[in-house]
Amino acid sequence: MYTLGIDIGSASSKAVILRDDGEVAGQAVIPVGTGTTGPERALREAFAQAGIAPEDVGRTIVTGYGRVTWQGADRQVSEITCHARGVLHRMPEARTIIDIGGQDVKAIEVDPDRGFVRNFVMNDKCAAGTGRFLEVMARVLGLEVEGLAEVSETSARTVSISSICTVFAESEVISHLSRGEAVPDVLAGIHQSVAKRVAGLVSRLGVRPPVVLTGGVAKNRGVVRALEKELKTEIRIAHSCQLTGALGAALLAREDLSKI
Amino acid sequence: MSGEKRIRAILAGLAVVAARPGEAAQRLTREKGKPLVGVLPYYAPEEIAHAAGMLPVGVWGGTADASMAGHYFPPFACPLVKSALDLALRGVYDGLAAMIVPALCESLTFFGQNFRAARPDIPFVPVVHPQNRRTPEGVAYLRAEYEKVRDRLAEIAGREVTAADLDRAIGIFNDHRRAMRAFLEEAPRHPSLVSPRVRHAVAKSAYYMDKADHAALVGELTGLLKSLPEESGAGKRVVVTGIMAEPEGLLDLFEEVGLEIAADDLAQESRAFRTDVPDGGDPLERLARRWSLVEGCSLAFDPGKERNRILLDLVRNSGARGLVVLMMQFCDPEEMDYPLYRKEFDAAGVPVLHLEVEPRMSLEQARTRLQSFAEMI
Ligand code: SF4
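So the protein lines, in turn, are chains A and B. Letter by letter, the first sequence follows residues 731 to 990 of this note's numbering. Letter by letter, the second sequence follows residues 81 to 457 of this note's numbering.
The following block holds chain A by itself, in its conformation from the complex (with noise of 0.2 Å):
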């Protein structure tokens, strides 16, 4: 009997199913969230990597900020959660994760006895920090987010951004960009400031290693190295790192199996 994980996220839809056996026999990722047909797709694709049909699944698990209005999961379980058990299935050392999603950023201290959540914290209110943050930024540099890790490598100066707020952030970048700023370095000084913001709400849990990091901004590593500046400490990348939810997810869904 196979098991579906779907994380329905603001900015992306990602899908897993699960052998019975906890190998992973489809995944996908779209880059639409929720309200669009992102989760359809995604489910699509899952299934046709998986070789399987939507009756082959025995139990589905939703999570993600689009969970309460999706029909057709078993039930839904919050992204914190799933997370963590997605994470602690490949990287049973993480002490603390990381989430940087399309609108939220996400802390969470696991408890190594147990090897569950003993606590978290997520940002208020603002997206400073968040995936959107840096796809603004991108849109004013001209560049595609998948893009921005390989261009600030070229960065010989951190030009700081000292505004918090987006919109302040990129009037700020345009008038460094105006006055001649190289784009890498603007660039580093973007990376800075969202690794800042992160690093400020990380510490309002207390860092301890080894820190992961999952969702799609782990993959930048222009970010990754600015935050472990800030954070002064590794950090690692979760495998596969914009599933973690959707595989948190599908495994938690097999263990409901379990118990029925």
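Derived by calculation from the structure, the hints in this document are not laboratory data. Predicted model only: the values in this text are computed from it and were never measured. Treat each hint with caution, since some may be false.
Straight-line C-alpha distance at most 30 Å; calculated DSS-like pairs for lysine-lysine [as the list claims (entries may be wrong)]:
id : chain 1 : residue 1 : chain 2 : residue 2
1  : B       : K316      : B       : K423
2  : B       : K228      : B       : K114
3  : B       : K423      : B       : K385
4  : A       : K989      : A       : K959
5  : B       : K85       : B       : K423
6  : A       : K989      : B       : K316
7  : A       : K962      : A       : K949
8  : B       : K85       : A       : K855
9  : B       : K306      : B       : K423
10 : B       : K316      : B       : K306
11 : A       : K962      : B       : K423
12 : A       : K989      : A       : K949
13 : A       : K855      : B       : K306
14 : B       : K316      : B       : K385
15 : B       : K112      : B       : K85
16 : B       : K423      : A       : K959
17 : A       : K926      : B       : K423
18 : A       : K926      : A       : K989
Here are some of the chain A residues that sit facing chain B, going by a computed Cβ distance under 7 Å [unchecked claim]:
id : residue
19 : V754
20 : S808
21 : I810
22 : T811
23 : F850
Quick list of the computed label-pair ranges, beta carbon to beta carbon [said to hold, decoys possible]:
id : chain 1 : residue 1 : chain 2 : residue 2 : range
24 : B       : P419      : A       : K959      : 23 to 29 Å
25 : A       : L987      : B       : D145      : 46 to 52 Å
26 : B       : L443      : A       : S893      : 27 to 33 Å
27 : A       : S905      : B       : R389      : 50 to 56 Å
28 : B       : G360      : A       : S933      : 30 to 36 Å
29 : B       : R100      : A       : E874      : 49 to 55 Å
30 : A       : G936      : B       : G83       : 46 to 52 Å
The beta-carbon is built from N, C-alpha and C at its ideal position, and this holds for glycine as well.
Based on the hints, put chain B with the ligand in the right spot on chain A.
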């Protein structure tokens, strides 16, 4: 009517009062033929207004956009005083015979000054509680403050307020507090009948009804609940602390994610009903001594930080698995206490969820936090 049917009828009636406090207050003054007196939180000597033949009603702000109050307050004033002043400016409190304003925190002090300037037509009755509340001088000082309140309200009411009037009012309010405590103790045994929102409505409605009437209804309710078997309760129990449990949508989220309220330490709820006016002697002095007996409240100077122990005991003794802090935005008194009790909770290994609340908050973010907390504990 069967017990359960009667319980539902009482709860529905109280929910209507809590949902529309303005209409309830208007009905109250009409039915009783007595004037209304607005009372800002906290620890105001409402008994004096009652003894003067008036009906004290709570002023706790609202959920409307407080844009008009922006003229008087800086953006970092707490939403309670901002929305209360906004409602005053919009005429919601027109017709009040007076407004009693304790100055227990900076926001309330500023509220008093702003209210006086904004609505000079509504008699303003300030009360300044002493922070050295346990010394004989502190009690004597507060008695003198209450004497001024009595004289002012007597003047407004156009009648004398005798010691016998005050004693009678104190009796009614103490009875009401006892009735509320008994209800709040019984409520967690019946989570399907008394959901978090319903529990809050029972407490909130107390501020917009005649105290004796409210005590009678709540007493009947508690008696009926006691006659029912205790429910096993599928949810996870938590204690909530803070100023007040609003917006109410937040309480629906508790229910949605399977959190039950085992007990509360909210200023609008249990803290308001925890301390009786002591027996014996001059009624104004008794009222003043109540303030010296208050324990574990962010508004009452607490050099030994008793609140840490009181809160931890509350969680342990109520069988709760954790504490949910409903932190009113920009509330200095509550924010000052938080790191201190948080440290004790962390040391004791008791989970704590900190949620900043304001009337117009996004419930989406709150849902994820509450759900994650429920899954975690
Ligand atoms: S105690 Fe807090 S919520 Fe109450 S009036 Fe003062 S600042 Fe506002």
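Taking the numbered hints from earlier one at a time, note which ones the structure violates and give those numbers from smallest to largest. 4, 5, 8, 9, 12, 13, 18, 19 and 28
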